[in-house]
Each structure stands twice: as structure tokens, then as C-alpha cells.
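Here the structure of chain A is known, so what remains is to put chain B in place on it, guided by the hints.
Number of protein chains: 2
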Amino acid sequence: MPTVDVHTHIYPPTFVELLRSRTTVPYVRTFPDTPNSSRLVILPGEDDPSTPSTSRGRPIGPEYYDIAQKIAFMDMHKIDKSVISLANPWLDFLPAEEAGEAAQRINDDVDGLCAKYPGRLYAFGTLPLSAPAETVIKEIERLAGLKHMRGVIMGTSGLGNGLDDPALDPIYAALEKHSQLIFLHPHYGLPASVYGPRANEYGHVLPLALGFPLETTIAVTRMLLSGVWDRFTSLNVLLAHSGGTLPFLAGRIESCVKHDGHLKKKGNIQGRRDVWEILKTNIYLDAVIYSDVGLKAAINASGADRLMFGTDHPFFPPLEEKAKEWHSVNANYGAISSAFKDDQSQAQDVLGNNAIRILKLHD
Amino acid sequence: MPTVDVHTHIYPPTFVELLRSRTTVPYVRTFPDTPNSSRLVILPGEDDPSTPSTSRGRPIGPEYYDIAQKIAFMDMHKIDKSVISLANPWLDFLPAEEAGEAAQRINDDVDGLCAKYPGRLYAFGTLPLSAPAETVIKEIERLAGLKHMRGVIMGTSGLGNGLDDPALDPIYAALEKHSQLIFLHPHYGLPASVYGPRANEYGHVLPLALGFPLETTIAVTRMLLSGVWDRFTSLNVLLAHSGGTLPFLAGRIESCVKHDGHLKKKGNIQGRRDVWEILKTNIYLDAVIYSDVGLKAAINASGADRLMFGTDHPFFPPLEEKAKEWHSVNANYGAISSAFKDDQSQAQDVLGNNAIRILKLHD
Chain A
1 MPTVDVHTHI YPPTFVELLR SRTTVPYVRT FPDTPNSSRL VILPGEDDPS TPSTSRGRPI
61 GPEYYDIAQK IAFMDMHKID KSVISLANPW LDFLPAEEAG EAAQRINDDV DGLCAKYPGR
121 LYAFGTLPLS APAETVIKEI ERLAGLKHMR GVIMGTSGLG NGLDDPALDP IYAALEKHSQ
181 LIFLHPHYGL PASVYGPRAN EYGHVLPLAL GFPLETTIAV TRMLLSGVWD RFTSLNVLLA
241 HSGGTLPFLA GRIESCVKHD GHLKKKGNIQ GRRDVWEILK TNIYLDAVIY SDVGLKAAIN
301 ASGADRLMFG TDHPFFPPLE EKAKEWHSVN ANYGAISSAF KDDQSQAQDV LGNNAIRILK
361 LHD
Chain B
1 MPTVDVHTHI YPPTFVELLR SRTTVPYVRT FPDTPNSSRL VILPGEDDPS TPSTSRGRPI
61 GPEYYDIAQK IAFMDMHKID KSVISLANPW LDFLPAEEAG EAAQRINDDV DGLCAKYPGR
121 LYAFGTLPLS APAETVIKEI ERLAGLKHMR GVIMGTSGLG NGLDDPALDP IYAALEKHSQ
181 LIFLHPHYGL PASVYGPRAN EYGHVLPLAL GFPLETTIAV TRMLLSGVWD RFTSLNVLLA
241 HSGGTLPFLA GRIESCVKHD GHLKKKGNIQ GRRDVWEILK TNIYLDAVIY SDVGLKAAIN
301 ASGADRLMFG TDHPFFPPLE EKAKEWHSVN ANYGAISSAF KDDQSQAQDV LGNNAIRILK
361 LHD
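Those protein sequence lines, which keep their order, are chains A and B. Under UniProt numbering, think of the first position of the first sequence as 1, with each following residue one higher. Under UniProt numbering, think of the first position of the second sequence as 1, with each following residue one higher.
Everything labelled a hint here was simulated from the structure, so no lab data went into it. Any given hint might turn out to be false.
The list treats identical chains as one, so a pair stands whether inside a single copy or across any two.
[Said to hold, decoys possible] Each computed DMTMM-like pair below joins lysine to aspartate or glutamate, with the alpha-carbon atoms no more than 20 Å apart:
(1) K265 to E201
(2) K265 to E320
(3) K265 to E101
(4) K264 to E321
(5) K264 to E325
(6) K116 to D80
(7) K265 to E254
(8) K322 to E63
(9) K264 to E46
(10) K266 to E320
(11) K264 to E320
(12) K265 to E46
(13) K360 to E176
(14) K266 to E321
(15) K341 to D80
(16) K81 to D109
(17) K266 to D165
(18) K258 to D292
Pulled out of the complex, with its shape left as it was, chain A reads as follows (with noise of 0.2 Å):
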């Protein structure tokens, strides 16, 4: 009975190569007061140079770039397959004339970790989407090619608009086309003043916790509204963090739809297809949620066919220097075992059984 691990990421050499050319957020950087670490800063909060360097982004160790931790890590998480995929921000930062050419390097890079390890590992590739429109289609007909990738990993901002930008519908329809699964990631979270003036002191918790998962959700609501799902109806996207808070709040939408007098006086109500529908049809959940309360209203909204086991390595490593396994993991592990108590084939079905049916992880 396999385990498979879907979210997890890597910052292959190509692309740390590429963040260590950079002085501006993304980037990775030795600091002069600790030359034997590299620090990597991704977000413009981390990068306040009145604080300690110490303090700035997080330590990038082996565990972010070299596959042969992932590897081991899997092992001693009992995973027998991981899709790994590109850790946030990808591409978006990138000038439009150099994203085609990065991604392509980058793409065949992770490809080419996936081939040491047969069987084992897979990937989501990323797009260059800051390139025009053609070069994004190439890299979706290019990757549709490559032996080990799956779908592409997407951030929430698209082209720079958002995901319900009309100017991504021909990438949409290229993705829908080749049958390429999205998966959407947070990156941007929310503007640093809704978490109030004691923020800082709580470190990175509000924005990770809570800024993460609503972004998540504001961008798929926004892909809902804007009929994405009605134009392209077989499109698939596997939502990060078990949807954000979609399968808690899929009601809420639904009835501020059904009461919205702008809609309804556009004639955007009649004839769409409702939460309820995509949730089932078109959108996947990966099971990255910590608790059994979260992962049955996952489970209740997309059904136990639809969640796919994850573990966000390399983040949320254990405290405690001496740690082996994985507390952020065995929490996941927990509710899944917790959720399913009563029904270990459909715990099973999470675990691997689920990804390897969607994502076509045979060989």
C-alpha cells in the first residue's frame, strides 16, 4: 500500500544558482557575520536590514536542494513516492525575457533529479509567466513531454492580476488541453497591516497560518466567480493546505452568491456551476491541514477520492536539534488515521492510493 507525498518542495541547484545571482527579495545569501550559512529571504517582510542578518528569511540547508535528503526523508516517513514541485515565489519575480529560458532549465533540472530515483519520484513543473503568453504554451506542450512531470505548480498571481485574469485563459486552455493539473500555492499573503502592531511578536505565525490559507482561498473564490470553471470545464487544480479554508467557507460563498443583487442583475447567478459542483469535479485537496477537524470538512466538501496525503517539506522541520521524525508530518499522518478510524481502505486512498490514480504514478 503506497504512500505519496504531494506536497514537497525543492529548490533544485539551477534555481538556487539563480537566487544567489540576485540582491534583491528573492534571494539566497551569505551574510558576512555567518559565512557558514547561506541564508535564503523570499518574502519582502524578511528582508528588513535593521534586524541581524540572523534574523533575516531562514538558514538553506542541504534539505532544500540536495534530493538525496529528500530521499531520506522519505524513507524515514515510510513515503514511497513524492511529486515535488518548485518552492514559492517560482518564477513570478522574473524579467519576461529571461522567465522561457529559466523555466526550461529549471524544468529539466528537476526532470533530471526524478530520473536518479525511478519510480520514485515525480514533479509539477513550473511556468514562466512572465513571458508572454506563447512562451507559457511552449513550456505546457514541452512539459506534457517530460517523462516525470505531472501538472505545473501556480502561484495566486497569474500574470500579475490574479487567476481570474481573461488573459489567462489561453494558458488555461493549454493546461486543460494537455490534461495538466494545477497546483495552486500561496506565496503573497496579505498586506502586513491586517495583523495589527504586535504582529512581530508573534513571529511568523499570523502570516503563516492564517495569511497563507486566505490567500489560497481569495484566489480560487476569485477563479469561481469569474467562471473559469464554466469556460474550461475540465480543468484541475489541487488546492494547497487542504483548499485554504474553501470546504469550511464553500456555504458562505454560495449563499453571498445567491444574495449578491449585482450578480443576480447581471445574470451571473443563473446557469453557473456552484461551489459544490467544482469542489467534486474540478478541484483536488491535498491533506496538509494538521488536525482531523480540518481534513473531515476537507473530505466533506471534496469527497475521500479527491484528498492526496502531503507533507510541505522542508518546511515546519521539528524545533528540538535531536528530533527525527517529523511532528508537522505525523500530524498529518494523525488525522488521517483519526479521520478515517472507522475505514483504513479509504485512509489508504489518501495515503496513495488517491495520487497515484489522479496523477498517473504507475511506473
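Structure of chain B alone, referenced to chain A:
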């Protein structure tokens, strides 16, 4: 078997009078081009002078201020008792020197409305939060002596710096001492920028469906992280809209706290009461969530003995002019009946028994 509505708002005559005297948000005004109806504008984003007055805010009719209409609505939906509360934005906007007297006047007005329908109406009072702390505490003590008052409604702003503001401690202490529950309700939402450039095309859906619950979630998480419930272990809070998204995200919040190096270094992780304990000890949730998926998550997080039916009346009225029953109300009734289809006794607890026990509505 009584049905009790704990989430139902009123703009009592004294409050409408106050709003009519104003020219900036929040206000009530009769615009020259619609002389036969008044409009209520409560959010800065609804006050765009470049749009026709008929799309500014919403029409305010007797369902907002006439207590007889509240009773008629209750009768239509077989609601035996309601715990009415002033609707947002309460008195947050008042200058310090006016707030104390306004709160007294409005609370007395609301208590008087309840007195007209013995046994059917109770209320949450409103605090003059912009006034000095001693004025706020005096009103808390006064409310404890008013016959129909059963706690206070509060927004997420507190004294202007959120509910994790240490300056709120004397107020929390007074509420705890007088066993007054806080009904925590959103109003401010999120900055408009998070909804993207096409947000206006979706009417009010994004701020209402997502902004409101996310605001509540951020506010309550700030309370948790600042240790409000470690200092005030008997302080009870009823969260609007089934907790915003807290039940779904509680696992992620706990995981982020446990994995935060900054909090660990500060020693803030050891000994604190965790989110699950607070959800089951200090937090109550209304059942205004419009789906059994969300409702079950709320029940799994807090327990079926801590949820209480609500309607959000007079908001979310049916769009069809001839409709009698309200879809929004029936969606919440339906969620309860579906979530508890095998346990009518628990359904009855959520519909009314819990509210009668928790809020002492025995007379």
C-alpha cells in the same frame, strides 16, 4: 422545544437617529434622487460619490429598526427567542467624549425594546470603546444590572489596536468578573487590494463571504497568541459565523505555533493553553455557516454543546420580491438538520437549548 436566534441585529431608533446626524461613514441619508427611501452606508468602500446613490450602501427599511418586524420575522421562521445586538459598526467611530452617553442611551433603548415582548427578546449590549477605560467598565457594570442584557457585542478593533491590545485587560477583567460574554463580530474586513482588480464585478461577494470570516479569524488568533485566555481563563467569547475560519485552521495555527523559533526562544510555547482547549472551554460558535460541511467542522472543534443557531437578520434577505421565507435562514436550518440527522436531541441543543443554558434565557 425552543428555537433561539443568537445572531440577529437591530439598528434601534436612537442609533438610526445618531447615524442620520452624520455626513461621513457610517451614516444614514435620504439622497435627493431617491426621496422615498433612505440608505445606510457603513463601509468606506460603499461611499463612492462617483456612483449613483442607489448603489451606495443599502436601502434601510423598517426591518432594520422596527422591533415589530423582528418579531414578525421570528414568527415566520418559528424562532421563539432572539438575542438582538446592535449591528456594525456599533460605536467604534464616536469621539471619546460622546461614546459613554451614547452607549447608555442605546443600551437603554434596546433593553426597552426587549421589555415590550417578555420572554421573547434579550440582547447583547454595546460598549463605548472609544471612551476612557473607566467609562467602559462603568457601562459593563451597568449592563450587568439591565434585565435583558446577556453580554456585549464587540468588533475586532477594540480600542483601535485589535483585541490583543494589553490596554484591553481591565475591560476583559470586568467582563470576566460580571460573567459577560463577548459576541465577537467582524466589520472592517480586509484591505480592498487583496480582492484584485476585478473585485467590483463580483458585487459584495468577496468582502462579505471571505473578508468578514477572515477578519474574525485574525482577531481571535491574535487574542490566542497574546495569551488573553491564559490571563482570563473564564472569559467567554461567542464567535460570529461559526468562528470565521477558526475551526478549519485550528490545526494549522497549533502547528505554526509549535514550529515557530521566535515563540520558542521567548518561552511562549510552554505552559500556554492550546487552541483546542480554548475552543472547548472559552469559545462558543454560532451556527451561521450555511452548510453542513462547515457546521460539522465547528461541532468537531468546539462540541455540539457550544454551538447556537443564528440568522444574521436583517442581512441576506431573499432577492425575490415575493419570497416569504428567507433562503439564508433555511440554509442554516438545513445545515443543522443534515449534520444531526441521526441525533435530533443534539440538533435541538444547537437550535435552542444551548442558548437557553449558556445565556440564561429561562424567564
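Quick rundown of the hints versus the structure:
no.	hint	in the structure
1	K265 to E201	between (46 Å within a copy, 11 Å between copies)
2	K265 to E320	between (57 Å within a copy, 12 Å between copies)
3	K265 to E101	neither (46 Å within a copy, 43 Å between copies)
4	K264 to E321	between (57 Å within a copy, 13 Å between copies)
5	K264 to E325	between (52 Å within a copy, 19 Å between copies)
6	K116 to D80	within (15 Å within a copy, 68 Å between copies)
7	K265 to E254	within (17 Å within a copy, 43 Å between copies)
8	K322 to E63	within (16 Å within a copy, 63 Å between copies)
9	K264 to E46	between (43 Å within a copy, 19 Å between copies)
10	K266 to E320	between (56 Å within a copy, 15 Å between copies)
11	K264 to E320	between (55 Å within a copy, 10 Å between copies)
12	K265 to E46	between (44 Å within a copy, 18 Å between copies)
13	K360 to E176	within (16 Å within a copy, 57 Å between copies)
14	K266 to E321	between (58 Å within a copy, 17 Å between copies)
15	K341 to D80	neither (22 Å within a copy, 40 Å between copies)
16	K81 to D109	within (18 Å within a copy, 65 Å between copies)
17	K266 to D165	within (19 Å within a copy, 43 Å between copies)
18	K258 to D292	between (30 Å within a copy, 17 Å between copies)
Hints 3 and 15 from the list above are not met by this structure, while the remaining hints are.
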